[in-house]
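Taken in order, these protein sequences are the chains called A and B.
Using our numbering, the letters of the first sequence correspond one by one to residues 1 to 448.
Using our numbering, the letters of the second sequence correspond one by one to residues 1 to 448.
If you are wondering where the hints come from, they were derived from the structure by calculation, not from laboratory data.
Since the structure is predicted, the reported quantities are computational estimates derived from the model, not experimental observations.
Be aware that one or more of the hints could be misleading.
If chains are identical, the list can't say which one is meant, so a pair holds when it fits in one copy or spans any two.
Said to hold, decoys possible - Below, a list of computed lysine to any residue pairs in the SDA-like style, where the Cα atoms sit at most 20 Å apart:
#1 K16 <-> A6
#2 K17 <-> R67
#3 K7 <-> E359
#4 K7 <-> G285
#5 K20 <-> L8
#6 K9 <-> R259
#7 K11 <-> K23
#8 K9 <-> I172
#9 K5 <-> K16
#10 K381 <-> F131
#11 K14 <-> S418
#12 K23 <-> S13
#13 K381 <-> D113
#14 K213 <-> Q298
#15 K23 <-> I12
#16 K63 <-> E393
#17 K16 <-> A134
#18 K145 <-> V35
#19 K381 <-> A89
#20 K130 <-> G422
#21 K411 <-> E327
#22 K145 <-> Q413
2 protein chains.
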Amino acid sequence: MAKPKAKLKRKISKLKKKIKGLKAELNASTSIPAVSPLAPPSGFPVLPEISGVTFAAGAAGVKYQGRDDVMLAHIAAGSAVAGVFTRSATRSGPVLDCQTKLAALQKTDTVADAMGIVVNSGNSNAFTGKFGDASVEFVSASAAKVLKTSPENILTSSTGVIGEPLPHDKIIAVLDDLSANLSSANGAAAAGAIMTTDTFAKGATTSVEIDGKTVQIAGFAKGSGMIAPDMATMLVYIFTDAAVTSAALQHMISAENQRTFNAITVDSDTSTSDTLLAFATGAAGNTQIIGADSVDGQVLATALHDVMRELAHLVVKDGEGATKFIEVKVTGAVSDDSAQTVALAIANSPLVKTAAAGEDPNWGRVVMAVGKSGEPADRDKISIHFGDILVAENGWVSPTYTEDAGVAYMKNQDLTISTDLGMGKGTAQVWTCDLTHGYITINADYRS
Amino acid sequence: MAKPKAKLKRKISKLKKKIKGLKAELNASTSIPAVSPLAPPSGFPVLPEISGVTFAAGAAGVKYQGRDDVMLAHIAAGSAVAGVFTRSATRSGPVLDCQTKLAALQKTDTVADAMGIVVNSGNSNAFTGKFGDASVEFVSASAAKVLKTSPENILTSSTGVIGEPLPHDKIIAVLDDLSANLSSANGAAAAGAIMTTDTFAKGATTSVEIDGKTVQIAGFAKGSGMIAPDMATMLVYIFTDAAVTSAALQHMISAENQRTFNAITVDSDTSTSDTLLAFATGAAGNTQIIGADSVDGQVLATALHDVMRELAHLVVKDGEGATKFIEVKVTGAVSDDSAQTVALAIANSPLVKTAAAGEDPNWGRVVMAVGKSGEPADRDKISIHFGDILVAENGWVSPTYTEDAGVAYMKNQDLTISTDLGMGKGTAQVWTCDLTHGYITINADYRS
């Protein structure tokens with residue numbers, strides 16, 4: 001029986017609708033959003049200009065085309081410097097070079113001559129053997145020349161593919177131009193040039209009063225997962241005009257790093273290139289801080305903490321495939337270290353992270369993660385909150401808990417999972433994101 | 001302009017084809033195969049009957065409907081027993097109960113009276129507080145009655161959802177029937193009853209000559225990931241007719257467990273209920289083995305190893321979403337322990353596992369995982385093989401390596417990643433699977 005044309009047309013319209021639905025579903029299951037849904041709606045912050053620090057960014061074509069991939073920074077003579085680095089046994093040539101140079105630069109309270117930073121994206125110069133070490137030397141020598149300082153004062157970072165020779169000539173070729181364009185207003189451009197698989201540039205800033213002077217702190221970071229697909233690295237650069245010795249600054253940065261960048265995890269994998277460098281020019285004019293524990297030292301440390309925590313959160317929020325930002329709090333552990341181990345066991349658990357992705361208030365997986373951490377815990381003393389909702393206590397689900405409340409809570413974009421172990425006074429707080437199809441798509445479906 | 005009907009029909013046929021294609025694509029991206037693609041094509045093996053051991057399986061409706069979910073086993077008086085358990089700090093009531101009972105049962109060379117095993121699937125009786133402990137007691141008492149032995153001789157396991165009260169009455173209600181149907185031929189049915197999200201039942205067997213007698217070993221296991229969605233647990237039961245003391249059997253099981261079940265990982269998460277129990281009836285008639293290091297002891301240990309390794313591999317091959325079986329070998333470490341830590345760092349790395357899923361010969365991620373393990377390693381001494389292909393050496397990609405060879409190798413279903421650290425003589429071998437969209441679908445999209 002022949003169908004009337006109108007009927008056929010309705011059928012076509014119906015089929016087209018179905019195709020649209022299927023396409024949307026397929027897209028939702030495997031697509032990667034251009035920008036993380038957790039990116040701050042306000043965009044990159046306005047970074048204050050830090051007196052004594054200038055930046056330039058440019059396109060060297062290391063790997064990416066049509067975008068900036070090298071940043072140069074100049075830090076005035078008389079500044080303090082501090083850094084923390086990956087503890088990976090296979091850390092890259094640039095990291096080893098930074099560690100050696102930093103030890104020498106920190107022998108005096110501040111560095112007599114100007115310092116420079118060169119960062120490239122697109123190639124991490126990691127696992128590139130002796131050739132990679134030579135590349136660091138070439139770049140340092142050339143940057144020293146254009147910045148009119150010594151190669152020992154040049155700190156370099158590289159981020160991108162592992163195991164390919166760094167085309168250092170391309171980087172060296174743009175240094176003259178970059179040095180001609182150095183400006184204290186170029187922080188945002190510098191933050192953009194160091195991105196690899198980041199979906200947004202990450203910046204943070206604050207200011208505090210120290211010794212009657214206004215002290216500015218500005219920083220930027222890159223990182224999208226502890227290590228992105230073939231793209232090693234979390235890189236962080238922080239600048240302040242505070243007057244502080246290198247030793248005191250190092251003390252603050254090391255301590256705050258534990259509570260910020262060492263308290264985030266995307267996939268438990270560790271980059272071979274993680275680098276955090278901090279510089280203090282002293283231009284604010286406060287009396288030089290020589291002790292991290294002095295009143296002024298504590299004020300500066302707290303301000304550094306704020307900037308570092310904000311940057312750490314932004315790295316998690318750009319976690320590969322992330323759709324949820326998760327704060328994991330642990331209290332009542334036998335010590336702070338024990339609490340941190342438990343918190344990281346929860347935050348790194350694929351089953352906790354997939355439960356978050358599926359908006360499943362699966363507190364059993366939290367119990368499981370506590371158990372596997374190897375830290376002292378007693379089944380019958382654990383209590384678990386999702387947000388303000390008491391989920392489990394006394395070794396079992398709480399009598400006040402309802403699955404409806406749990407399910408409703410898990411729909412939030414920002415989640416807090418709190419676990420009290422009831423054993424002691426140790427506390428910790430770490431941050432992570434969920435584990436989604438997007439993570440698999442980025443890391444498995446992607447071919448370098 | 002009106003379209004002729006034939007044209008409209010062609011259009012409909014085209015749209016339908018498109019829908020079929022989209023559905024197939026969507027399916028491939030998120031579907032879970034009914035049976036793991038890594039399941040052995042030969043199916044469940046024919047298990048030999050072990051004299052002195054009988055099984056029965058039945059449907060109690062603990063959670064699942066229309067399938068067996070309880071198994072009962074009876075082990076003849078005069079048998080030896082051994083076990084290993086999860087080290088989780090939040091282990092379940094049944095595990096704690098087994099550990100207590102086992103310590104008492106092992107006080108003599110063999111157990112004077114009959115022993116029994118009761119295992120249910122559908123509910124893990126984990127994180128169920130004092131109520132859960134009581135459930136274990138009720139089940140043990142009832143099983144002891146039907147098996148005409150003491151409750152202290154009944155070992156129980158539960159596997160399934162965490163944090164829900166075990167409906168022990170349902171289990172107790174079927175015990176009479178089960179005891180009436182005990183048979184040495186029911187091993188396969190027992191293996192089926194203990195499955196949760198397993199996509200296939202897992203069995204293994206071997207036989208050896210000891211002291212002029214043929215000794216049989218048969219075992220079965222369940223597990224699909226270290227912990228499946230809401231379904232805790234890897235459970236393993238091994239039976240032999242060898243004559244051996246409980247102490248010697250325990251020594252063998254503990255040692256071989258390190259090289260088999262403790263050498264596999266699906267997602268690094270640890271169950272609150274992992275249990276391995278081994279029983280030896282002595283019916284083979286060999287002179288009782290009293291030392292694990294004796295010649296006969298070593299023969300039995302090797303045979304136990306073969307069965308345990310086979311079962312461990314089957315658990316990995318049923319890993320959630322698994323499409324590749326990966327052997328990770330580490331040599332040249334400073335010690336065997338160090339090698340094991342490095343091997344597990346590689347096997348647990350989400351980036352290594354997603355690279356395998358994407359058939360990406362991404363050796364940089366292996367270098368990263370070695371680096372993050374925290375074990376002694378030297379970038380310039382590491383060499384990496386994918387199968388027989390030398391990929392990296394002397395701190396860099398091997399001059400003989402071609403990306404084409406690497407890509408071709410990664411298309412295999414069984415992969416071997418070998419890393420030599422060049423530091424010492426420590427070796428280790430662990431097994432894992434890849435990390436795919438299937439894992440996310442099972443664990444995130446699934447709602448309990």
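Hint-by-hint comparison with the structure:
{"no.": "1", "hint": "K16 <-> A6", "result": "both (15 Å within a copy, 18 Å between copies)"}
{"no.": "2", "hint": "K17 <-> R67", "result": "neither (38 Å within a copy, 40 Å between copies)"}
{"no.": "3", "hint": "K7 <-> E359", "result": "neither (42 Å within a copy, 46 Å between copies)"}
{"no.": "4", "hint": "K7 <-> G285", "result": "neither (82 Å within a copy, 81 Å between copies)"}
{"no.": "5", "hint": "K20 <-> L8", "result": "both (18 Å within a copy, 19 Å between copies)"}
{"no.": "6", "hint": "K9 <-> R259", "result": "neither (63 Å within a copy, 65 Å between copies)"}
{"no.": "7", "hint": "K11 <-> K23", "result": "both (18 Å within a copy, 18 Å between copies)"}
{"no.": "8", "hint": "K9 <-> I172", "result": "neither (62 Å within a copy, 62 Å between copies)"}
{"no.": "9", "hint": "K5 <-> K16", "result": "both (16 Å within a copy, 18 Å between copies)"}
{"no.": "10", "hint": "K381 <-> F131", "result": "between (56 Å within a copy, 15 Å between copies)"}
{"no.": "11", "hint": "K14 <-> S418", "result": "neither (48 Å within a copy, 54 Å between copies)"}
{"no.": "12", "hint": "K23 <-> S13", "result": "both (15 Å within a copy, 18 Å between copies)"}
{"no.": "13", "hint": "K381 <-> D113", "result": "neither (58 Å within a copy, 37 Å between copies)"}
{"no.": "14", "hint": "K213 <-> Q298", "result": "within (15 Å within a copy, 77 Å between copies)"}
{"no.": "15", "hint": "K23 <-> I12", "result": "both (16 Å within a copy, 18 Å between copies)"}
{"no.": "16", "hint": "K63 <-> E393", "result": "neither (53 Å within a copy, 24 Å between copies)"}
{"no.": "17", "hint": "K16 <-> A134", "result": "neither (58 Å within a copy, 59 Å between copies)"}
{"no.": "18", "hint": "K145 <-> V35", "result": "neither (38 Å within a copy, 64 Å between copies)"}
{"no.": "19", "hint": "K381 <-> A89", "result": "between (38 Å within a copy, 12 Å between copies)"}
{"no.": "20", "hint": "K130 <-> G422", "result": "between (52 Å within a copy, 17 Å between copies)"}
{"no.": "21", "hint": "K411 <-> E327", "result": "within (15 Å within a copy, 39 Å between copies)"}
{"no.": "22", "hint": "K145 <-> Q413", "result": "neither (49 Å within a copy, 53 Å between copies)"}
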